[in-house]
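Participant: Each chain is listed here by its residues.
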Amino acid sequence: MTDPIDVARAVDASLLTVRGVAHCYVAAPAFAQVVEGQRREVLAHVTVLPRAIRVAIGVHTSHDVREVSRTAAAAVRAALPGDWSDARLTVQVRRIERD
Amino acid sequence: MQLEEAPDALLAARAADGDERAFAVLVRRHASYLRGFAIRYMGSSLDADDVVQEAFVTAWRRIGDLRDPSQVRSWLATAVARRATDVMRTRARRRTDAIEDREVTDRRDGPETVVERQAATQALGRIVDALPADQRDAWMLRELAGMSYEDIAERTDSTPAAVRGRLARARQTVLASMEEWR
Amino acid sequence: MHDDGIEPDDAETVGGSGHTLEQLSAYVDRDRMPRIAAIEEDAEARALVESMERLGGLARTMADEDAAAAGPGDDQWLDQLLGIIRSEVRAGRDLPIEDTDELTSTTITEGALREVARTAGDSVDDVLVGRVHLAEHDGVLDVRVTVAVRFGAPVVPIAEDVRTEVHRALVSHSPLTIGTVDVVVDDVFPGSAP
Chain A
1 MTDPIDVARA VDASLLTVRG VAHCYVAAPA FAQVVEGQRR EVLAHVTVLP RAIRVAIGVH
61 TSHDVREVSR TAAAAVRAAL PGDWSDARLT VQVRRIERD
Chain B
1 MQLEEAPDAL LAARAADGDE RAFAVLVRRH ASYLRGFAIR YMGSSLDADD VVQEAFVTAW
61 RRIGDLRDPS QVRSWLATAV ARRATDVMRT RARRRTDAIE DREVTDRRDG PETVVERQAA
121 TQALGRIVDA LPADQRDAWM LRELAGMSYE DIAERTDSTP AAVRGRLARA RQTVLASMEE
181 WR
Chain C
1 MHDDGIEPDD AETVGGSGHT LEQLSAYVDR DRMPRIAAIE EDAEARALVE SMERLGGLAR
61 TMADEDAAAA GPGDDQWLDQ LLGIIRSEVR AGRDLPIEDT DELTSTTITE GALREVARTA
121 GDSVDDVLVG RVHLAEHDGV LDVRVTVAVR FGAPVVPIAE DVRTEVHRAL VSHSPLTIGT
181 VDVVVDDVFP GSAP
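Chains as they are written, first to last, in UniProt numbering: chain A, 1 to 99; chain B, 1 to 182; chain C, 1 to 194.
Just to be clear, a hint being listed does not mean it is correct.
As the list claims (entries may be wrong) - If we take Cβ atoms under 8 Å as the criterion, some of the chain B residues that face chain C in the derived model are:
(1) Leu10
(2) Val27
(3) Tyr33
(4) Gln53
(5) Val115
(6) Arg117
(7) Leu144
(8) Gly165
What the hints assert, rightly or not - These stretches of chain A come out as covered by chain C in the derived footprint (C-beta under 8 Å, 3 or more residues):
(9) 64 to 72
(10) 77 to 89
(11) 92 to 98
As the list claims (entries may be wrong) - With the C-beta cut set under 7 Å, the calculated list includes, among others, these residues of chain C facing chain B:
(12) Ser25
(13) Thr61
(14) Asp66
(15) Ala70
(16) Gly71
(17) Arg86
(18) Arg90
(19) Arg131
Honestly, the hints are just simulated from the structure, not real lab data. For each residue, glycine too, the CB sits at the ideal point set by N, CA and C.
This is chain A alone, in the form it adopts within the complex:
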């Protein structure tokens, strides 16, 4: 099985090229526990049991939220290794960012 960290890295990278995505956020649910001031290695939240991927993005205010989130989901799907093709994917729009 592809290492979840590598999956997360691939997911993070795939979002960099999606038009309209202004920023990515830490997608882990237990947010308050993020160690302050330290950069996390990966932003996407990947779990093994069940296989699921969660990403949180900020969308530019001038773009259509539906379109961007759809494109982002497609980009992430395309970047997943074959053994993760059955993973659940949630793309969360967490902020609308000013241009």
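With the hints as your guide, set chains B and C onto chain A.
Facilitator: Structure of chains B and C alone, referenced to chain A:
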């Protein structure tokens, strides 16, 4: 409309809704006051930067709990006092002797800050520093942080009536000492 | 000492006011309201109350001096703090955008929608948005926006403009049908409208 012009209550309401730009305006607006209060409350400028920063972060997480948004400045000062107390307790535990770590008032100002202080406020500072600990605490939290008797009582594990008594005695002592000074 | 706050029988009252020092001190903390004639009309008691008020003023001056001495903090301190604040986006609930297939869903947070409403409301002149309240039921989103209006500006047309802008912005960003958009003007901020 500029957010910088907004009153505290509106900024606090927006921040409670998640608007971090509004919170940033509150930070800039009140940072000097809170830093000054931290230094005065702890008796030194050591750790003041960290204390105020951590208090702001805690406040951001808890701003949804703020009942009266117009009181946000006092609420922030409460967060600073809370964090300062934690730091001072930790510091005290680490010391091998139990001598109270209070520096003289004049050493609070860093070498680079030249501030003209009135003789009267300098005298006030010295007199307050010399108060018994619980009276000094009540006085600072009331006069400098604007806390209510109830909130002060909660912090000090006491009652509003006891706080009332401590404040009265503190004021009596300070007034008498200021008379002498004059 | 009387730490329990109960005044012993021999607690001194100040002058002829019939009130103790403690009561006068609490009276000052209530901003001398409601007015107590027995205190205000007794020379000694009133003098003490006024002294305590002046002391409060001096304390405020001291706090101002402390603030000036401490300063606003250097840029690095501020940037670090604002960085932490910015990274802790408080999002609220997730609202669904669409389920592309059984394995994929997209969502938008309440926080993001509030930001949309806020930005739209802010864009109207002489307005500052306060709280944004969202309520979802059966795929319909009802919105209530509370705003402050600049003193002197016409409230009713401004509220209408806010409603229009918020509605338009939410329609383009929200996957849900927009129901009612209420605008409540509950505050005024100073400065005269041009």
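Participant: For every hint, state whether the structure bears it out.
Facilitator: Hint check results:
no. : hint     : verdict
1   : Leu10    : 5 Å, holds
2   : Val27    : 7 Å, holds
3   : Tyr33    : 5 Å, holds
4   : Gln53    : 5 Å, holds
5   : Val115   : 4 Å, holds
6   : Arg117   : 5 Å, holds
7   : Leu144   : 5 Å, holds
8   : Gly165   : 5 Å, holds
9   : 64 to 72 : holds (count 6)
10  : 77 to 89 : holds (count 5)
11  : 92 to 98 : holds (count 6)
12  : Ser25    : 4 Å, holds
13  : Thr61    : 6 Å, holds
14  : Asp66    : 3 Å, holds
15  : Ala70    : 4 Å, holds
16  : Gly71    : 6 Å, holds
17  : Arg86    : 5 Å, holds
18  : Arg90    : 4 Å, holds
19  : Arg131   : 5 Å, holds
Hint violations for this structure: none, all hints satisfied.
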